[in-house]
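Listed below are the residues making up each chain.
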Amino acid sequence: MIEQIPYIAIVLLAGIGIATILLKKNVIKMIMGLAIIEGSVNLFLVTLGYREGGIAPIFTDAPAGVMVLPTVQAMTVTNIVIGFATTALLLAFAMILYRYYGSVETNHIRRLRE
Amino acid sequence: MRRQISIIVVVLMVLMLGVIATGLSFGHPPDHPMDRYVIMNSQLESGANNVVAAVLFDYRGLDTLGEAVVLFTAALGTMLMFRKREEE
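So the sequences go chain by chain: A and B.
For the first sequence, the working numbering assigns the number 4 to the initial residue and increments by one for each residue that follows.
For the second sequence, the working numbering assigns the number 129 to the initial residue and increments by one for each residue that follows.
In case anyone wonders, no lab produced these hints; they're calculated from the structure.
Do not rely on the hints blindly, as some may be mistaken.
Facing chain B, from chain A, some residues (calculated, C-beta under 8 Å) [to be verified]: (1) Glu6; (2) Val14; (3) Gly18; (4) Thr50; (5) Leu51; (6) Thr63; (7) Thr74; (8) Ala77; (9) Thr89; (10) Ala95; (11) Phe96.
Heads up, the beta-carbon is just placed ideally off N, CA and C, and yes, glycines get one too.
Using the sequences plus the hints, can you model the full thing?
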């Protein structure tokens with residue numbers, strides 16, 4: 004139990020993100036929740052590849068010893084870039100919503116536009 | 129009503145993920161042949177000192193191409209959102 008503390012912290016972070024998406028009514032705050040979930044996924048991938056006493060997988064002036072797993076870190080780089088792009092797209096959608104309805108609260112934008 | 133259902137969903141999801149998380153081991157990943165191969169051969173095969181860069185651009189270059197396509201699509205969508213409209 005004591006050695007799974009990083010994973011439990013990641014689960015709590017993802018729970019904060021899910022609660023933000025489900026409980027908040029502001030679209031900008033829901034996008035923030037999605038970004039928090041993305042951050043927890045990145046942390047989970049890096050934590051999964053951590054090896055005890057491992058060094059960064061770079062051979063330049065590397066001391067002897069084991070290296071942490073490199074493939075999950077490459078996946079994390081991919082995930083960061085895609086998360087950035089999708090967050091920008093969602094924020095553009097929120098801007099269009101505000102331009103049409105004058106509000107980003109989901110209570111107000113639920114009705115159809117006349 | 130909707131708020132109570134949302135809270136129940138959040139609690140159930142955190143419990144489910146927590147049960148999975150307590151079964152994982154931290155600091156001792158299973159010895160994967162792919163990672164071992166990449167660490168052993170990335171300097172010889174791709175000439176890169178940085179193993180993550182070797183994985184990203186040599187071993188999984190096609191994956192990075194797909195990532196670039198996703199990035200391009202998102203940038204195109206954002207650009208379409210910001211274009212000028214004739215009406216209004």
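_Under 8 Å is the threshold here; is the Cβ of threonine 89 of chain A close enough to any Cβ of chain B for the hint to stand?_
OK, holds: threonine 89 of chain A within 8 Å of chain B, min 6 Å.
_Proposed interface contact between glycine 18 of chain A and chain B, which counts if any beta carbon pair is under 8 Å_ = 4 Å, holds
*Do the numbers back the hint for valine 14 of chain A, that is, is its least Cβ distance to chain B under 8 Å?*
Hint on valine 14 of chain A: holds, closest Cβ of chain B at ~4 Å, below 8 Å.
*Would the hint on alanine 95 of chain A stand, with a C-beta cut-off of 8 Å toward chain B?*
For alanine 95 of chain A, the interface hint holds, since the closest Cβ of chain B sits about 4 Å away, which is under 8 Å.
*Hold the hint about leucine 51 of chain A up to the distance rule: shortest CB distance to chain B must be less than 8 Å.*
At 7 Å from the nearest chain B Cβ, leucine 51 of chain A passes the 8 Å test, so the hint holds.
_Evaluation of the interface hint that places threonine 63 of chain A against chain B, nearest CB under 8 Å_ = The hint holds - threonine 63 of chain A has a Cβ within 8 Å of chain B, the shortest such distance being about 5 Å.
_Interface hint for threonine 50 of chain A, Cβ within 8 Å of any Cβ on chain B_ = Hint on threonine 50 of chain A: holds, closest Cβ of chain B at ~7 Å, below 8 Å.
*Per-residue hint verdict: glutamate 6 of chain A, partner chain B, C-beta under 8 Å*: 5 Å, holds
*Regarding the hint that phenylalanine 96 of chain A lies at the interface with chain B, is the smallest CB-CB distance below 8 Å?*
7 Å, holds
*Tell me if alanine 77 of chain A is really an interface residue toward chain B, meaning its C-beta lies closer than 8 Å to one of theirs.*
Given a least distance of 4 Å, the restraint on alanine 77 of chain A holds.
_chain B contact restraint for threonine 74 of chain A - C-beta distance below 8 Å_ = 6 Å, holds
Of the numbered hints listed earlier, not one is contradicted by the structure.
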